[in-house]
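*Asks:* As a plain string of letters, each chain reads:
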Amino acid sequence: SQQGEEDPQALSIQEGENATMNCSYKTSINNLQWYRQNSGRGLVHLILIRSNEREKHSGRLRVTLDTSKKSSSLLITASRAADTASYFCATPPSGGSYIPTFGRGTSLIVHP
Amino acid sequence: DAGITQSPRHKVTETGTPVTLRCHQTENHRYMYWYRQDPGHGLRLIHYSYGVKDTDKGEVSDGYSVSRSKTEDFLLTLESATSSQTSVYFCAISSSGSYNEQFFGPGTRLTVL
Numbered sequence: 001s002q003q004g005e006e007d008p009q010a011l012s013i014q015e016g017e018n019a020t021m022n023c024s025y026k027t028s029i030n031n032l033q034w035y036r037q038n039s040g041r042g043l044v045h046l047i048l049i050r051s052n053e054r055e056k057h058s059g060r061l062r063v064t065l066d067t068s069k070k071s072s073s074l075l076i077t078a079s080r081a082a083d084t085a086s087y088f089c090a091t092p093p094s095g096g097s098y099i100p101t102f103g104r105g106t107s108l109i110v111h112p
Numbered sequence: 001d002a003g004i005t006q007s008p009r010h011k012v013t014e015t016g017t018p019v020t021l022r023c024h025q026t027e028n029h030r031y032m033y034w035y036r037q038d039p040g041h042g043l044r045l046i047h048y049s050y051g052v053k054d055t056d057k058g059e060v061s062d063g064y065s066v067s068r069s070k071t072e073d074f075l076l077t078l079e080s081a082t083s084s085q086t087s088v089y090f091c092a093i094s095s096s097g098s099y100n101e102q103f104f105g106p107g108t109r110l111t112v113l
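First to last, the protein sequences are chains W and Y. 1 is the number of the first residue of the first sequence in my numbering; add one for each residue after it. 1 is the number of the first residue of the second sequence in my numbering; add one for each residue after it.
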């Protein structure tokens, strides 16, 4: 079973707009990671937020983590056509297997 | 890109034939993983390795076996391929466990007819 689930499944926006996608998970985690996958390519790591952090920034990316709600959000500001990709959250469970499990992803399309 | 390659990149085979996919890394990372990616299922872990000759099963390990005789190579074998194993297979590596990012290979598209 998948630990993390992204929402929405698909998102379509115009260039310059902000894109927000969410991840919910089921069990306690050590950290939460976000990855991007361009069509036909492997996943690329974007950002990692630890369980004791609430917010983290990297360039145009802003990630929040709410462990009480078991949820995270990824915000891409001022989106570009090149941001078109699928975005996945990965959640390594704490207290056992360290292997991160991936959700089904959010497919983001940014129209120029 | 991290030094991780997969071979072959594309393969078409027939039901019942054995298939071996290779993942090769030049990063000397301890952990290696095999995932499959299917529409509607996202990425699912097949097997992983935490060192030479140390492997363990993932979520969807039935019908697959792995071997790791060297740090740099992680092989995934389908003993007798079935059409349900048609998928895109990704190898990933990481230097340690859950606090490190995974680096992914380019993927292998496998079609079982």
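Calculated directly from the structure, the hints in this document are not laboratory data. One thing to keep in mind: the hints can contain errors.
[As the list claims (entries may be wrong)] Facing chain W, a subset of chain Y residues (Cβ under 8 Å, in silico):
{"hint": "1", "residue": "Gly-3"}
{"hint": "2", "residue": "His-41"}
{"hint": "3", "residue": "Tyr-48"}
{"hint": "4", "residue": "Gly-51"}
{"hint": "5", "residue": "Gly-63"}
{"hint": "6", "residue": "Tyr-64"}
{"hint": "7", "residue": "Gln-102"}
{"hint": "8", "residue": "Leu-113"}
[As the list claims (entries may be wrong)] In silico BS3-like links for lysine-lysine, alpha-carbon gap of 30 Å or less:
{"hint": "9", "chain 1": "W", "residue 1": "Lys-70", "chain 2": "Y", "residue 2": "Lys-70"}
{"hint": "10", "chain 1": "Y", "residue 1": "Lys-53", "chain 2": "Y", "residue 2": "Lys-70"}
{"hint": "11", "chain 1": "W", "residue 1": "Lys-26", "chain 2": "Y", "residue 2": "Lys-70"}
This structure is a prediction, so every number in the text was calculated from the model and none was measured. Where is the CB? At the ideal position from N, CA and C, for every residue including glycine.
*Asks:* If a hint holds in the structure, say so; if it does not, say that too.
*Replies:* Against the structure, the hints come out as follows:
For Gly-3 (chain Y), the shortest C-beta to C-beta distance to chain W is roughly 13 Å, which exceeds 8 Å, and the interface hint is violated. At its closest, the beta carbon of His-41 (chain Y) sits 7 Å from a beta carbon of chain W; the interface hint therefore holds under the 8 Å criterion. A least Cβ separation of about 6 Å between Tyr-48 (chain Y) and chain W falls short of the 8 Å threshold, and the interface hint therefore holds. Evaluation of the Gly-51 (chain Y) hint against chain W yields a violated restraint, the C-beta minimum of about 14 Å exceeding 8 Å.
Taking 8 Å as the C-beta cut-off, the interface hint given for Gly-63 (chain Y) is violated, the closest approach to chain W being about 19 Å. Annotation: interface hint on Tyr-64 (chain Y) violated; nearest CB of chain W at approximately 16 Å, more than 8 Å. The interface hint given for Gln-102 (chain Y) is met, as the beta carbon of that residue sits about 7 Å from the closest beta carbon of chain W, less than 8 Å. Because the closest C-beta pair between Leu-113 (chain Y) and chain W is about 21 Å apart, greater than 8 Å, the hint is violated.
Restraint check for Lys-70 (chain W) and Lys-70 (chain Y): the C-alpha separation of about 38 Å exceeds 30 Å, so the hint is violated. For the hint pairing Lys-53 (chain Y) with Lys-70 (chain Y), the CA-to-CA distance comes to about 8 Å; that is within 30 Å, so the pair holds. The hinted pair formed by Lys-26 (chain W) and Lys-70 (chain Y) fails the criterion: a straight-line CA distance of about 35 Å is larger than 30 Å.
In terms of the numbered hints stated before, the structure departs from hints 1, 4, 5, 6, 8, 9, 11, listed from lowest to highest.
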